[in-house]
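Since the structure of chain A is already known, use the hints to place chains B and C on it.
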Amino acid sequence: MTYVRNAWYVAAWAHELRDELPLGVRVLDEPIVIWRNGRGDLAAFEDYCLHRLARLSLGRCEGERLRCMYHGWLYDSTGHVVEIPGQARVPGGARLRTYPVTERHSWLWVWMGDHSCADEKLIPPVVGFDRAEPESVYAHGQLDYAAEARLVNDNLLDLSHVSFLHAASFRMSDVWAREPSKITPLERGLRSERWIRGEGTLGELGTSDLVDTYFCYEMYVPGVLMMTVHTYPVGTAQALKSQPPDLSRPPGQFTTQAITPVTSKTARYFYTMGRRRRGSETTYDMTVTDQAFAEDKMMIEAQQQNIDSAPARRFIPTAADQASVLFKRLVETMARAEGSVEASTDAQCTPVHP
Amino acid sequence: MTYVRNAWYVAAWAHELRDELPLGVRVLDEPIVIWRNGRGDLAAFEDYCLHRLARLSLGRCEGERLRCMYHGWLYDSTGHVVEIPGQARVPGGARLRTYPVTERHSWLWVWMGDHSCADEKLIPPVVGFDRAEPESVYAHGQLDYAAEARLVNDNLLDLSHVSFLHAASFRMSDVWAREPSKITPLERGLRSERWIRGEGTLGELGTSDLVDTYFCYEMYVPGVLMMTVHTYPVGTAQALKSQPPDLSRPPGQFTTQAITPVTSKTARYFYTMGRRRRGSETTYDMTVTDQAFAEDKMMIEAQQQNIDSAPARRFIPTAADQASVLFKRLVETMARAEGSVEASTDAQCTPVHP
Amino acid sequence: MTYVRNAWYVAAWAHELRDELPLGVRVLDEPIVIWRNGRGDLAAFEDYCLHRLARLSLGRCEGERLRCMYHGWLYDSTGHVVEIPGQARVPGGARLRTYPVTERHSWLWVWMGDHSCADEKLIPPVVGFDRAEPESVYAHGQLDYAAEARLVNDNLLDLSHVSFLHAASFRMSDVWAREPSKITPLERGLRSERWIRGEGTLGELGTSDLVDTYFCYEMYVPGVLMMTVHTYPVGTAQALKSQPPDLSRPPGQFTTQAITPVTSKTARYFYTMGRRRRGSETTYDMTVTDQAFAEDKMMIEAQQQNIDSAPARRFIPTAADQASVLFKRLVETMARAEGSVEASTDAQCTPVHP
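If you read the sequences in order, they're chains A, B and C. For reference, each letter of the first sequence is one residue, going 21 to 374 in this note's numbering. For reference, each letter of the second sequence is one residue, going 21 to 374 in this note's numbering. For reference, each letter of the third sequence is one residue, going 21 to 374 in this note's numbering.
Worth flagging that the hints you see were computed from the coordinates, not collected in a lab. Glycine included, each C-beta is placed from N, C-alpha and C at the ideal position. Just to be clear, a hint being listed does not mean it is correct.
[Said to hold, decoys possible] List time: in silico EDC-like cross-link candidates among lysine to aspartate or glutamate, alpha-carbon distance up to 20 Å:
| # | chain 1 | residue 1 | chain 2 | residue 2 |
| --- | --- | --- | --- | --- |
| 1 | C | K261 | C | E219 |
| 2 | B | K285 | A | E50 |
| 3 | B | K261 | B | E219 |
| 4 | B | K348 | B | E224 |
| 5 | C | K285 | B | D328 |
| 6 | A | K285 | C | D328 |
| 7 | A | K285 | A | E238 |
[Claimed, not checked] Negatives, chain C to chain A, calculated, CB over 12 Å:
| # | residue |
| --- | --- |
| 8 | G220 |
| 9 | G255 |
| 10 | A322 |
[What the hints assert, rightly or not] Sample of chain A residues at the chain C side, in silico, Cβ under 8 Å:
| # | residue |
| --- | --- |
| 11 | P51 |
| 12 | Y68 |
| 13 | L70 |
| 14 | R72 |
| 15 | L73 |
| 16 | G92 |
| 17 | G106 |
| 18 | G113 |
| 19 | A114 |
| 20 | F235 |
| 21 | M318 |
Pulled out of the complex, with its shape left as it was, chain A reads as follows (with noise of 0.2 Å):
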C-alpha cells in the first residue's frame, strides 16, 4: 500500500481515552498506544515494551509514567525507560519510538512520518461531533472494513455510486452518475462541489418535497472527508446559472468522515453525522445512513476479495473517476516526495496545508 507518512491520521476517538487506561491502536500496521499522564498530555509510543515485546496498552497510567504491567518497566512520557524492577541500571540509549499525537474535532490523531513536520496545521479542517450548538443534532458511529483503506477512499472519491448502490437508502435518481461534479485540487486534497436540481433531501425516507441541493465535499491526505450539504427552493441552482450558493451561510447537514489504514487490507472508518435540528429531535437518526453504509461495506469488501484472487488486473478509469485519479496521483506523488527525504540530506516536509 502506498500512504503518505507525513500526515495526521484518525486513530480513536478522544472519549475511547479513559483516565489510566492505556488505548492500544494499529495505524498504518503499526501498533501504537496513546495514553494520557497524570497533567492531561497526550502521548503515543509503539506498542512494544521494550524487554520483551509485551503490550503497553495492557499496561497502567501512573502519574506522569507508563508502567508496562507484564515486569514492571516504566516509561515516561518521552519513551524513556525510567525503571526495571528488581534491576538497579537502566540502559541509557533504551527508549521507545514515539508518534506525535494530538485532540481535535472529537478524535485522536497521530503523525506517521517525521516528527520535524508534525505541525498541527496540518489537521485537516474539518468539524466533529465536539461542537455544542444547540439548533444542530449530531450521530457518529465507526465501521471496520476488512479492505484496504484506498478502496474506502475511492468510494467516497467517486459519488455516482450513488445512484446505483445507494437505490434503495440516498434514494437518489441517476442524475449522481450522469452529470459531473467539479473538481479543484487543494494543495493536500481536493474539492468537488456540485448541483442536484429538483430532488428529495439526501437521506429522507418517502419525502415528497423536493429540492434544490448543493453538494461540497473536500477529501485530504491520508482519507479524511468534510461534506456540506445546503437545499434550497427548486429552482435555485437555475437563477444562480450553476454557480455556487452562499456557503457562509450554516449547512443543513453536514458529514466527517476518516478512513485509516489499519493494515494493509483493513480499515476503521469513523464518522460524524449533523444536521439543523427538527421539533425536538435529540440526535441525528442514523436509520439510512447506516443502511448506506452498509451498502458500502458489503460492495467493498467483496471487491476486496475480488482483488486479492486477481491481483493483476487493472482499473479501467472513467470520467466519473476524475477524483478518484487525481487524489491518487497526490498520494502517490506526496509518498515519493518522502521517499526522497529518505534518501537525500537535503531533508524536506511535504508542503503545509494553508
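What follows is chains B and C alone, placed relative to chain A:
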C-alpha cells in the same frame, strides 16, 4: 490441483437462480456470475466488473442486460459493455470473459474450457429431482467441504469404506470391503457394479428383511455420479450366476451426486436422493443419508488436514482403489491433452461422449 | 522453534483415553494417536494411516489392534499393518512411525526423540492429582494458548511478573520483582527458590493473616514445572537467616504444570493444583488461579502477536530474566547435541537425569 477444464461442472441448483437476482458461484477457484435475461436465457460471466473489479453478482438484471450496482456499468448477454454512466463513449474492446452455461437435471452447469468444445451432449447422463414421477419420492441437499474435490471423488470411487466408516449408519457388513466390484472404463468415466447378497436394504435402519441388491454406479469427469440400487429376493444373484439383473426396470433407489472444486482446498457436494414411494410418503427420509454424509465429511476433512501437514507423503494403492486409480489416470490424461491444445496449433477437444 | 526431542512431553490427561477410543493429540506439530490395547498396554503412532493419510484417531481399538475406520487397515501395537480388507497380501515393510508412551502423574507422556534413549527415569520428578492423600484437595485444568510454548515457559521462569500482571489476583506486593530468587542449575532443568516475608498467603483473597512463605520450583526440559509453597509464622525467614526451611515437610500448596508445544505458534498448558485440606473442603478453589491464568494468557497471546508483527526485534535481558536465560541456553545446548547425534555415527543421547 489437476482438473479437466473441457467439462461441465455443476455450479448451483437451478432453483437458486431467481428473477433479476444474479447468482455468484466459484468453480475451479474462478468467481462466476450466472444470470437469466428477460427472455429466459442463461448467461455466465467472470464475476469481476471491468471498471474496478466489483462483484457483478451484487448487480441487477435489467431485461436482457446485467448492471453492476457499484457505478452502474451495463453489460449485454455476450459480456460487452453497453453503457458507462456519465461517459458517452464506451471502449469497443471492453468485454467480460464468458462461460457456456446451461440448466439440466435440476442443476446449472458451466463449461470451464474451450468454448468451441462446449457440447451439451457431454453433460453426464444423470437424473435430477426435476423429473416428476408420481411413484417416487425425492430429497436433495448440499455440503461444503473443507477438502479438495479429488478426495471426495476418491471416497465415492472406493466404497469399501462403507463397511467401516458407515458401520453405524448404512449398517452393511464388511462385504463391501471383502469382495471387489466389477469396473468398466467409459469414455469420460467408469462404471462400477456388484451384487451384495443377503443383506438389509441400504439405508434402512433396523430392518430384518434381507435382500440381494445390485449396486451400479457411473462416475463421470469432472466428478458426477449416478448410482442405481435394484433389490431382489435373496437367491436372485445366485440364480443369475452373479450376472447383472435387468437394469431397464426402474431402480428401487437412485442417487445423483456432483462434487465441484470451489478452490484448491474446498469443494461443494450436491446430491439428489430418490426412491420408489412407499405408502403415503411424500419425501425421501434423509436421516441415514445425513448421518453417513456427516461421517464422510468428518473423515475427509481430517484427511485433508493430514495431507496439508505432510504434503510429501504418498498414498499406497490397494485392490480396493482400482476405480480411484483408473479415474485419476483418466483425469490426468484428459488434462494433459488439454495442455497440448494450448501448446499446438492442431487444437483438438477431448473426445466427446457417445 | 528450538525444542529438545529427547524428552518426555505431556500429551494429554490419562483420563482422556477411554476404552476402545483412540486419542488424537499434536506435539511439536506432529499428529499422534495414543491408544490402549486389550491388555492395557499403551501405544502411540503417527496419526496417519499409511493407505491414504486418514486419521487413525478416528479409528477403533479391536483388542490388541487398531483399525483405521476409513477403509479398514488394521495395525498391531508395533505399527505393522496386519490386514488390508479386500487384499490377501500385506506389504511387508508397511509400518507406522511409533512413539514411546507412558502414563505417570495423571498424564500421558510421549517421547519425541531417539527410541533407544527413551528412559522413563527422564520423566521429571513431579506429582499429579492421582496420589490419593486424604489430607489434601486438588483441582486440575488446561488452557490452549495461541502462543509459542517458549513464551509460556518464560512466564513461569520469571515470576517478577506476579507483582504486576497478577496484582489483582495473587495480590502480592512488588517484592517478587524487587528481590532476586536463588537459581540453581539442574542436569535437565533448574531450581528457583526464595523467601517472601510478611505477605498474605498466595492466592488467598482478602486475607489479613501474614506469613513468611518459602517458594521453591523446579523447571525441567521440555517445559514441566513443580512448585511447592511452605508457609511459616512471620519471622521464620529471619530466624533461619534466609536459609531454606525443612522442605521434607509436606507443602501447604503445590502445583505441577506442563507446557506442550502443539504447533510452532500454539501450546497446551496442563496444570494440577493441590493444597492441604481445610475444614470440610472437597476440592481446590480455583477462583484466584483461573483469574491469574487468564491474565497470563491475555498478556502472552498479545506478546505473540507483537512478536509476529516485529519478528526482527530482540528481547532485552534483565536481572529478573536469569532463570529464563539459563533455561534457554540449556534447551539450545541439548538441541544442538541432538543435532550432532543425527550427523555422526558416534550417536549419544543427552545425559540422563540422575
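Find the hints from earlier in the document that the structure breaks and name them by number, from lowest to highest.
Per hint list: 2, 4, 7, 10, 18, 20 and 21 violated.
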